[in-house]
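**Student:** Here are the chains, one letter per residue:
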Amino acid sequence: MKNVKTTTHGFALVGAMLLFPFSALASEEAVMNGADTAWILTSIALVLFMTLPGLSLFYGGLARSKNVLSVLMHCFAIACLISILWLVYGYGMAFGDGGAFNSIIGGGKYFLAGIGTESLSGSIPEGVFSMFQLTFAIITPALIAGAWVERIRFSAVLLFSGLWFTLVYLPLCHWVWGGGWMAEQGVMDFAGGIVVHISAGVASLVIALVLGPRRGFPTSLMPPHNMTMAFSGAAMLWVGWFGFNGGSALAAGGGAGFAIMATHMAAAAGSLGWMTIEWIRHGKPSVLGIITGMVAGLGTVTPASGFISPLGGAVIGLIAGITCYWAVIIIKQKLKIDDSLDVFPVHGVGGILGTLLTAIFASPAMGGLGYASEGMNMVSQLGVQFLGVAGAVIWTAMMTWIILRAIGMVSELRVSENDETEGLDVTCHNERGYIMENSQY
Amino acid sequence: MKNVKTTTHGFALVGAMLLFPFSALASEEAVMNGADTAWILTSIALVLFMTLPGLSLFYGGLARSKNVLSVLMHCFAIACLISILWLVYGYGMAFGDGGAFNSIIGGGKYFLAGIGTESLSGSIPEGVFSMFQLTFAIITPALIAGAWVERIRFSAVLLFSGLWFTLVYLPLCHWVWGGGWMAEQGVMDFAGGIVVHISAGVASLVIALVLGPRRGFPTSLMPPHNMTMAFSGAAMLWVGWFGFNGGSALAAGGGAGFAIMATHMAAAAGSLGWMTIEWIRHGKPSVLGIITGMVAGLGTVTPASGFISPLGGAVIGLIAGITCYWAVIIIKQKLKIDDSLDVFPVHGVGGILGTLLTAIFASPAMGGLGYASEGMNMVSQLGVQFLGVAGAVIWTAMMTWIILRAIGMVSELRVSENDETEGLDVTCHNERGYIMENSQY
Amino acid sequence: MKNVKTTTHGFALVGAMLLFPFSALASEEAVMNGADTAWILTSIALVLFMTLPGLSLFYGGLARSKNVLSVLMHCFAIACLISILWLVYGYGMAFGDGGAFNSIIGGGKYFLAGIGTESLSGSIPEGVFSMFQLTFAIITPALIAGAWVERIRFSAVLLFSGLWFTLVYLPLCHWVWGGGWMAEQGVMDFAGGIVVHISAGVASLVIALVLGPRRGFPTSLMPPHNMTMAFSGAAMLWVGWFGFNGGSALAAGGGAGFAIMATHMAAAAGSLGWMTIEWIRHGKPSVLGIITGMVAGLGTVTPASGFISPLGGAVIGLIAGITCYWAVIIIKQKLKIDDSLDVFPVHGVGGILGTLLTAIFASPAMGGLGYASEGMNMVSQLGVQFLGVAGAVIWTAMMTWIILRAIGMVSELRVSENDETEGLDVTCHNERGYIMENSQY
Amino acid sequence: MKWIVAIIKPHRIDSVREYLTQANITGLTVSEVLGFGRQKGHTELYRGAEYQVDLLPKLKVELAVDDDKVESVIQAITHGAHTGKIGDGKIFVIDLEQAIRIRTGETGSKVI
Amino acid sequence: MKWIVAIIKPHRIDSVREYLTQANITGLTVSEVLGFGRQKGHTELYRGAEYQVDLLPKLKVELAVDDDKVESVIQAITHGAHTGKIGDGKIFVIDLEQAIRIRTGETGSKVI
Amino acid sequence: MKWIVAIIKPHRIDSVREYLTQANITGLTVSEVLGFGRQKGHTELYRGAEYQVDLLPKLKVELAVDDDKVESVIQAITHGAHTGKIGDGKIFVIDLEQAIRIRTGETGSKVI
Ligand SMILES: Nc1ncnc2c1ncn2[C@@H]1O[C@H](COP(=O)(O)OP(=O)(O)O)[C@@H](O)[C@H]1O
Ligand SMILES: Nc1ncnc2c1ncn2[C@@H]1O[C@H](COP(=O)(O)OP(=O)(O)O)[C@@H](O)[C@H]1O
Ligand SMILES: Nc1ncnc2c1ncn2[C@@H]1O[C@H](COP(=O)(O)OP(=O)(O)O)[C@@H](O)[C@H]1O
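Protein chains in written order, with our numbering: chain A, 1 to 441; chain B, 442 to 882; chain C, 883 to 1323; chain D, 1324 to 1435; chain E, 1436 to 1547; chain F, 1548 to 1659.
Hint data in this document are derived by calculation from the structure and do not stem from the laboratory.
In this text, all values refer to a predicted model and were calculated from it rather than measured experimentally.
Just so you know, not all the hints are guaranteed correct.
To be verified - A few chain A residues that face chain E, going by a derived Cβ cut-off under 10 Å, partial list only:
no., residue
1, Met222
2, Glu278
3, Gly289
4, Thr292
We put the CB at the ideal spot given by N, CA and C, even for glycine.
Just need the whole structure built from these sequences, with the hints factored in.
**Tutor:** Here's what the structure looks like:
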């Protein structure tokens, strides 16, 4: 357990000695901290809220109205499926002790067996820790849904998400937070730059390439059908992210406070960054722009959030807002890759950027809180971060491609042309999003 | 303690002696636990969030657009009305000491008099406990609104809710959580299977029968006017339910963690259960299906949530998803009872099912955390649960019928035919839900 | 710090001795309280949630559909801008030590420099305190957006908000909570009657007068385009207000519980008050009415919430619901001032009312928890409150007018007639809120 | 051929379509419109401000029919849409010169 | 009788209705349409992708009028809808053969 | 002049407009309608209750054209809207007596 505890999320592992000597001590004595527990219970709610309804509405609003329900359905069904898989083997593979293979993958604790109300993970009950982690496991494949919207078959969504969770998410999560090889190398990822954003972003790019563009792309534009819905979802993401990054401190204290400050400033600066560039280049700043900048800032600051100063967060956010703007232009307009809701340019690019910038801004010279492993400096840590990024990109790309090919062998990935034209809501789910006023006869 | 701690919510009262020797002890010494308080403060927000906007949007989206505001109005006005009644006499009747009649009803503490910032209820301030309980008292009559939508008079809504709260909710709440006869019998209801779901469900059935169907039912179908709104509401319900069931542990610890895990797994399994059966029977799974399955899973696991394992939660959820699906078909399609938003088949059937299954899955043999009262086994507890269910069903049905008849004697229950056709938003509230674009001249 | 600490928000200042002897003691020894921290971390999320998406949706729904995105944009951009200014100098000016000028304005702590994860503010980390305060600094200028919607230029929004935050919000915040002259006088403002509601309300009135009415006002009515959106936002405000007022206790205990109870009862009573008066005067109660009454109740109870009984909260709410109803009629219908979303009559009038009523209902004779400064009685406190109100009204009105004139000298405040007719979404932000169904070709 | 335009109350559409089906009409086009006529509208109220709405939701049904069917179609619509209250709507008849089916290019009355 | 179809700018509807009322017109039907003509549309921008919108929101007003009122109705609409800018819209006049009131079954010009 | 009404599948509008532009048509008006015809609709399902939707989303394109352009416009619409599947829609031609441009008061075929 010690092992696991120390390898958790907020990098308490390494941080243990460095940042939280007291809580590390406490964990030896296995004392539950009610305050930490209260905050993580809250964070569980906040992070689930990010997916349901947060991300669902964000993505749903960006789709066309004939497909809005299919987008909501993807996010919701993924949340359900991953939850059950987490119960059955997910938690164990990510955070259980993998014995001799622990660098590669964990194991045990299937069906959460052996975990009781008294089991602890650090200063919080293990059940609470497991639930908190589950909310991360839910949002990651849900993020990918942005790449395949408006054309994928629903059964392919389920198949893909189950396999990808098993073959990509669980290993990565174990490598970084469960004591696997990345943790051993000293890779710093506070709340999921690698585990969540790089993995989801890279998978999205591969999916966009394998699946091909939506009919009509790129000649006919497919504007968001409901920007107010996308806005609501984005705002919920911002709020929920306090649980995502702040909860990753796994304690109710100054560490969580700092993580939230850095997170918040990155969101604000990312938004203003994107807004400004849009204003300059196109003459008018847009709601879609400002909220996309926010997501870019938040995704990018995620791996760094617990290691940096608030000002560091603002700088990272600004860099993110500008970089991701250009990434979207390049991927969608220049390369004409239909990563429909821009998951790779925002989350993938942001995740990579943030993971690397962590090495810069964690430096005490930059006002940061220092490196997780002893003896690290900016250069050596940057090397380690590169290693982590490279490992994650390669593994994710490779496995995502294999999974898609495998599914493609047993069934179609895309709906028929007709169904795509008519919209997935009616053709796949027998429903319509909106049936207004007079239409009701 | 072990047993008990986990078995809370109301229960505190009776439970005090029986179930929480430790906290009871603590309360003797009157020590407030800040961490528990922090978590229950959070839970108050989460559970209010379930009604406003959660349930309101869930129900509003399922109505037709000409009635959407009336649905929101019902939920909101009920929340306000019940809050004031709670202040005046509700809390006292539910949780005050009823003296000689305590098995039947509580009393005292009118206007929350005598409660100060220092008063404790277990390890948390009594004001916090009272507010937490109020959020349950709000959502229960709001749930009933699903039965009468699109045809009831607004004044009848207020009259009914006030009377029903007084004559049905408060007694039930006292019986189960306030030290009344059900508590004395050892009925286990962690977070409101009986108090909330059975009572709301059964009342809905009676209302549907007394009020009669909406004009046009069942020949013309009345599809949801805004599934994205219903989805948002459903997602908020899921998140808020963590406060509902997790907060019912009344402490920030492993018990709350387990309650949340069981709750979450039941939601996931209920959703997948309903989705699967729809997929098999109709060829396509729907968003309305998956979110209804979620509500079924959540409602059903509620009474059991603090007594069972996460796996137990998943099994209960699955059973709920399938059972409630058939219950809806039977009530609405076969029996042609217009319980408009299916409150009885989902909450009533789910509540009964969950209350009975509590006896099964709380058993340590099923991985559960054990029974609340000493000397209980699965069979004897099942008997007690049956007793609780029967008592709640009979009392609720009887009193609901009497209340409706009484109101019917002083005023019409339904709006006029014309108003029903035109829609309640304009005819009862002088407003329209949506006034889009060009229409604005 | 002591000074500052004790004068903060939850009025711990005075309250320290009176209400929280223990925590005051603890603060001497600079011990972090995890439970308090957990609750304030939660409150940060709740109060941000009030602005994003809460207030944004409330306001967005009340606008016409052609302007909905511009309203959302204002709220969002203000949140981003104020966050960065807070980081740079806002926190320091509000809560830093102003030395000799401390009665007037604070200083230092620019870029949050010098604050570490270990720094405390009372019993919570200073970073947590700073973030909590930031969420108040965000919502205040966002509230003002209700006055200028549907006609202001976006660049004027940014300029105004930055200047107003600096010249009005920061001084007021420092005067009341940062140890400035109002604090010295013993002005009681638990959670922002003066700092938030009076300041936003009065600024709105000035803006409405300087900017002039929307084209068509008052002959053509401009009804809310989406009451379901306004409803969602209002419901989120209610929930978030628990963090606003409850969090202002700055501790997880009975004080927060009482603040939440008073807040909740005021919301309920305000809603019922407005509903009743509408029912009597117009024959039908409306959703817009009931939720406006809720906001009136909440705004009014804010300064009093931590000093009064739940019953006191209900009475304040009722008075607020009725008073603000008439204030809206007078300002909009009688005086024909186009404070478009009625910010002054609801927040301004409510804030003034609540600040004065605080002196009444805090009295132990009215069931209140007593006055903050020693030796105060109802009359003397009322005098102090008058002083606070007068100071805030005069300062805000004066500075707001100056800021508007200054901006007006460098650029237009309003968009062109044509743009106003066409709508700000397309003309200022190049987007449309809704692009439904068939329109998607 | 004639082009028939009927303005009816929204909730009568099902009944109108039933009668039309009985009259062997298999094609029509419906749109949502707002009607102004003798029928009184309603008042809306927003924070004390009254707002008179006199454009009421109606449905417009348009169909092209053969000359010999005009009478039966008018009958069908009248029966289907009739409630006897003000605002039931009107039927207008316009001469139709030509009809073309896009799919086949056919023209004339076999198209409709 | 004539069937008059006018395409106008949305925000002119109130003024058009006022002029029509002055011309003793008591019935009309309005629908939301999208118009394409000389008037330039606007550009929308979504994450850097420009999107030219040239179908502009307009209102279509349809009314059946007696032959002798055609001129005054055209006058009324022209006055009410006129702003002098491109995109003000057009009025079209079609011959109307018959009109029936559903409620009463009456026909002809007394119906309208 | 003629008044041409075409009912088409929504996703064909871009292609129709392209062909019309080629035919030198610079003005038209579009509205969203629901069509009932030979084309089968779809089923919707809400909590086990099936719901047959046979009113399908279509677009109505209306244009006033000069007599000598009628043929080319019909050609253009037919080409643009054609997919060869049931439900492609129809074109109707009605005689148009007069057209007025609101902005200038001009009348006749120079208006359209
Ligand atoms: N002259 C007209 N031209 C076009 N539409 C009309 C005309 N008169 C009435 N209508 C339409 O018919 C509807 C019903 O007319 P109304 O006068 O209210 O009742 P009734 O049909 O019973 O006489 C109106 O709402 C309007 O849409
Ligand atoms: N030939 C036409 N047939 C049908 N509608 C037309 C035609 N020409 C224009 N319209 C409609 O009239 C509106 C205004 O026309 P436009 O050419 O933009 O300006 P103007 O009326 O000033 O000449 C268009 O948006 C369109 O809806
Ligand atoms: N007689 C008619 N009058 C008016 N509209 C019609 C008529 N018949 C068909 N339509 C319209 O044309 C559309 C297409 O017709 P349909 O019979 O489905 O296919 P097709 O055009 O291939 O024959 C319908 O949805 C309807 O909107």
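**Student:** Run every hint past the structure and note whether it holds.
**Tutor:** These are the hints, each one checked on the structure:
no. : hint   : result
1   : Met222 : holds, 9 Å
2   : Glu278 : holds, 8 Å
3   : Gly289 : holds, 7 Å
4   : Thr292 : holds, 6 Å
Going down the numbered hints, you'll see the structure goes against none, and every one checks out.
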